[in-house]
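Engineer: With the hints as your guide, set chains B and C onto chain A.
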Amino acid sequence: MEIMPYIVEERKDTGLFNAKLGIWLFLSSEVMLFGALFSAYVLLRTGAAHWPHGSSILNVPIGAFNTVVLIASSVSMVFAWAALKENKFGKFKLNLGITILLALTFLVVKSFEYGTKFEHHMYPRTSTFLAIYFTLTALHALHVIGGIIVNSYFWGPGAKMWQADPARFTNRIEIAGIYWHFVDLVWIFLFPVLYLL
Amino acid sequence: MSGAHDIKEEIRKYWKVFTALLILTVVTVAISYLKFGLAAAIIVALTIALAKGSLVACFFMHLISERKLVYVILGFVVFFFLSLMLLIYASYFNVPPGVKIVS
Amino acid sequence: MPHSREDPHQPGFWRKYIFATDHKIIGLQYGITGLFFLLFGFCLMLLMRWQLAYPGEPIPWIGKFLGESRAPGGIMLPEFYNELGAMHGTIMVFLGVVPLVFGAFGNYFVPLQIGAPDMAFPKLNMTSYWLLFTGGLIMLASFFLPGGAASSGWTAYSPLADIAPVGQTFWLIGMVFLVNSSLLGAINFIATVIQLRAPGMTFMRLPFFVWAQLVTAFLLLLAFPPLEAAGVMQLLDRVAHTSFFLPSGLVVSGEPLNVSGGGSVLLWQHLFWFLGHPEVYVLILPAMGIVTEIIANNIRKPIWGYKSMVYSVVFVGFMSFIVWAHHMYLTGMGTAINAFFQTTTMIISIPSVIILTCLFLSLWGGSIRFNIPMLFALSFLPMFGIGGLTGLPLGLSAPDIHLHDTYYVIAHFHYVVAPGTIFAIFAGIYYWFPKVTGRKMNEILGHIHFWPSLVLMNCIFMPMFVQGLAGVSRRLYDGGQQYAHAQAVLPLNEMSSICVWLLGLFQLPFIFNLIWSLFKGKKVTSDNPWEATTLEWATPTPPGHGNFIKVPTVYRGPYEYSVPGAAKDFTPQNQERI
Numbered sequence: 001m002e003i004m005p006y007i008v009e010e011r012k013d014t015g016l017f018n019a020k021l022g023i024w025l026f027l028s029s030e031v032m033l034f035g036a037l038f039s040a041y042v043l044l045r046t047g048a049a050h051w052p053h054g055s056s057i058l059n060v061p062i063g064a065f066n067t068v069v070l071i072a073s074s075v076s077m078v079f080a081w082a083a084l085k086e087n088k089f090g091k092f093k094l095n096l097g098i099t100i101l102l103a104l105t106f107l108v109v110k111s112f113e114y115g116t117k118f119e120h121h122m123y124p125r126t127s128t129f130l131a132i133y134f135t136l137t138a139l140h141a142l143h144v145i146g147g148i149i150v151n152s153y154f155w156g157p158g159a160k161m162w163q164a165d166p167a168r169f170t171n172r173i174e175i176a177g178i179y180w181h182f183v184d185l186v187w188i189f190l191f192p193v194l195y196l197l
Numbered sequence: 001m002s003g004a005h006d007i008k009e010e011i012r013k014y015w016k017v018f019t020a021l022l023i024l025t026v027v028t029v030a031i032s033y034l035k036f037g038l039a040a041a042i043i044v045a046l047t048i049a050l051a052k053g054s055l056v057a058c059f060f061m062h063l064i065s066e067r068k069l070v071y072v073i074l075g076f077v078v079f080f081f082l083s084l085m086l087l088i089y090a091s092y093f094n095v096p097p098g099v100k101i102v103s
Numbered sequence: 001m002p003h004s005r006e007d008p009h010q011p012g013f014w015r016k017y018i019f020a021t022d023h024k025i026i027g028l029q030y031g032i033t034g035l036f037f038l039l040f041g042f043c044l045m046l047l048m049r050w051q052l053a054y055p056g057e058p059i060p061w062i063g064k065f066l067g068e069s070r071a072p073g074g075i076m077l078p079e080f081y082n083e084l085g086a087m088h089g090t091i092m093v094f095l096g097v098v099p100l101v102f103g104a105f106g107n108y109f110v111p112l113q114i115g116a117p118d119m120a121f122p123k124l125n126m127t128s129y130w131l132l133f134t135g136g137l138i139m140l141a142s143f144f145l146p147g148g149a150a151s152s153g154w155t156a157y158s159p160l161a162d163i164a165p166v167g168q169t170f171w172l173i174g175m176v177f178l179v180n181s182s183l184l185g186a187i188n189f190i191a192t193v194i195q196l197r198a199p200g201m202t203f204m205r206l207p208f209f210v211w212a213q214l215v216t217a218f219l220l221l222l223a224f225p226p227l228e229a230a231g232v233m234q235l236l237d238r239v240a241h242t243s244f245f246l247p248s249g250l251v252v253s254g255e256p257l258n259v260s261g262g263g264s265v266l267l268w269q270h271l272f273w274f275l276g277h278p279e280v281y282v283l284i285l286p287a288m289g290i291v292t293e294i295i296a297n298n299i300r301k302p303i304w305g306y307k308s309m310v311y312s313v314v315f316v317g318f319m320s321f322i323v324w325a326h327h328m329y330l331t332g333m334g335t336a337i338n339a340f341f342q343t344t345t346m347i348i349s350i351p352s353v354i355i356l357t358c359l360f361l362s363l364w365g366g367s368i369r370f371n372i373p374m375l376f377a378l379s380f381l382p383m384f385g386i387g388g389l390t391g392l393p394l395g396l397s398a399p400d401i402h403l404h405d406t407y408y409v410i411a412h413f414h415y416v417v418a419p420g421t422i423f424a425i426f427a428g429i430y431y432w433f434p435k436v437t438g439r440k441m442n443e444i445l446g447h448i449h450f451w452p453s454l455v456l457m458n459c460i461f462m463p464m465f466v467q468g469l470a471g472v473s474r475r476l477y478d479g480g481q482q483y484a485h486a487q488a489v490l491p492l493n494e495m496s497s498i499c500v501w502l503l504g505l506f507q508l509p510f511i512f513n514l515i516w517s518l519f520k521g522k523k524v525t526s527d528n529p530w531e532a533t534t535l536e537w538a539t540p541t542p543p544g545h546g547n548f549i550k551v552p553t554v555y556r557g558p559y560e561y562s563v564p565g566a567a568k569d570f571t572p573q574n575q576e577r578i
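Chains as they are written, first to last, in the numbering used here: chain A, 1 to 197; chain B, 1 to 103; chain C, 1 to 578.
Okay, chain A solo, but in the shape it has when bound (with noise of 0.2 angstroms):
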């Protein structure tokens, strides 16, 4: 038996082909994750004598822009794989290509955000509030850059699959949104949490 199964058409009684299984036993575990940090969150809030409201520390219009940022991107994404599905190459990559853009711009902006806390000397040292933003932010902000790579990789030079075989390219597009959707999910949570609160 020398060929793996299901790496393109789904087995029958799971629907599933293997790297969507894979993926969303990885985000599972993400959840878990991300889910420690906000019990952190909860856990510090409750036990401080005082917390700030989220908006007195942080920018909220800078916060709401980089949220339409990334659910923008969220779109551009399924739009990418959408576009596989409908065999045009071309707009799969001008909406992947968006897709990195926007992504970019997203730490563009939280680096500026980054900067301007640092440049009023707020660290995360600074408070426990300062000290769960920063790590939030910035594990999330890892995730965006992973998926940055990711994508630029299925952009350039993993985009040569899509000849020779394009049913597989395409799962592995839509297993990339995944992966992308679940990094806009997250920030979903982050903002309202953190800013408004």
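By construction, these hints were calculated from the structure, which means they are not laboratory data.
Some clues are possibly wrong.
Unchecked claim - For the chain B half of the interface with chain A, some residues (derived, Cβ under 7 angstroms), not all of them:
no., residue
1, I7
2, V29
3, A49
4, K52
5, V56
6, V70
7, F81
8, I88
Each residue gets a CB set at the ideal place from its N, CA and C atoms; glycine is no exception.
Structural biologist: What follows is chains B and C alone, placed relative to chain A:
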């Protein structure tokens, strides 16, 4: 899932979801300026976040067209995540009389 | 793209044996690495036990090589004792046992037992192994840092771990590598078992070994991330001076700490034990799986209560996520929370008992073959029984007030892991050695390994229950010498130490046997020398790339021994007619 017609349907859905997400983002930011009490603010913010998250998960991540297996796994994950958070939270409040938690 | 056996694109030495993607090679890599760390972790204990038996006396032979920072004049410093303790625990758990029971046995035999050509994600599998290897190197390197290796226990409680020397930082970085190795491995295992079962291999026809590994994988997948999050936070506390786990007003050596404060020490404990408890099931479940395979094979009849065992192991996995704070009864939590965790802890003991009972009941009426794997597997049953039963007073919060952090705890968990899991590891090695190498290990050396090990394990750990009941705390570098309540039980220290050193001596026949049999062991004359029913025995010996010559079809359950009317006393899973 095949057919150009199906995918065009999907694309239309994605635009609708995008619009909904944008609207919900505006709502959640706007509401935050209304200065509710903390408990109410948490409930509102999390409800909206849950709605947005569900839209992303169901439609962008295709969760709505998955079969039972993925739901079962995610169900357990949600249960364990909530147990972690709620039991840690509860343990903070349940202390013997006369004991003070220092932080 | 199909490739045949005589593939001109055969991978070179490096891709085949070092950066291998074949689950069998990776399994062997985990096996060799795991055995090395098991031995190393054991040697740390051999050193510790000198200090416990003869506190303050220079260590013979090795003492002069340890250096002034660890053992001036050959006499072990308390700080070094703490390093040995913390690293013994860390290495045994994360670099010894888990890589062996999950990484080695799991990787090698799960795909074979389900009829798959490999793991679902071979390259991810390779990444998992090299992450483990790197984490292990970081842990070993930490011994050479100023201040030495981590010394705050394998549990690394804050605030002590926050202010410990730089070895703790290496420990945290090492743990990040080990955690990610396990996470990626868990994804692979689950996807493989769900997606790659051969035709006819339904879930209720899976060997119990595979069920145990599947549940273990879920535990690793969902319980490790909170520890990783906690590890990152402790790292930030140490390096970026945050106060995640540092409450306000901490004073160290007379100086107030220059941090914001406001953190919670209990937060570390909650996040650590959220992993810590499922981790102990990670240590035991694969062992139960190995033991079940060997017992089934050597009683020549089906396992009694297979279905109950499957439901029990799944239930154990589920419950293991909501019992963790029984490690925290004495942290000042209130009675309601303590009662909650006490209740879930009592409930979780039930499926464990069911599994053990089914294995015991299976023996009744069996035609038992007492080969070396079976001796180890059989002894697992009462040893795990003792370990499990002695966990009960620890799981109940009232007696735990007296027993928490005493030698009773050390005895309890060592019974489960040492004559428990490690004996299962030995059993698995003796059992599956013929499939991997085509040779059998030597029986006589096996007996010389087994009988003294069984006796000595009990001589080492049984006295520790007595010491714990007397109130002797764990992690005391002089074994309790300074305490009045420990005086009566102090002589037991010397006894345990001598028995540990003897135990070390009797592992030498095993090490010799393992290596010698690779070259000179008696060759087996069949692909299925133990006459077993499960699919790993339906491959060539050793299995080649792709494992099965053609995809097997499964027609029956995993333990069809002595089927009425069958010609032989075993009917393999892929055999259609009896």
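Engineer: Each hint needs a verdict: does it hold in this structure or not?
Structural biologist: Against the structure, the hints come out as follows:
| no. | hint | verdict |
| --- | --- | --- |
| 1 | I7 | holds, 5 angstroms |
| 2 | V29 | holds, 5 angstroms |
| 3 | A49 | holds, 5 angstroms |
| 4 | K52 | holds, 5 angstroms |
| 5 | V56 | holds, 5 angstroms |
| 6 | V70 | holds, 5 angstroms |
| 7 | F81 | holds, 4 angstroms |
| 8 | I88 | holds, 5 angstroms |
The structure meets every hint from the earlier list without exception.
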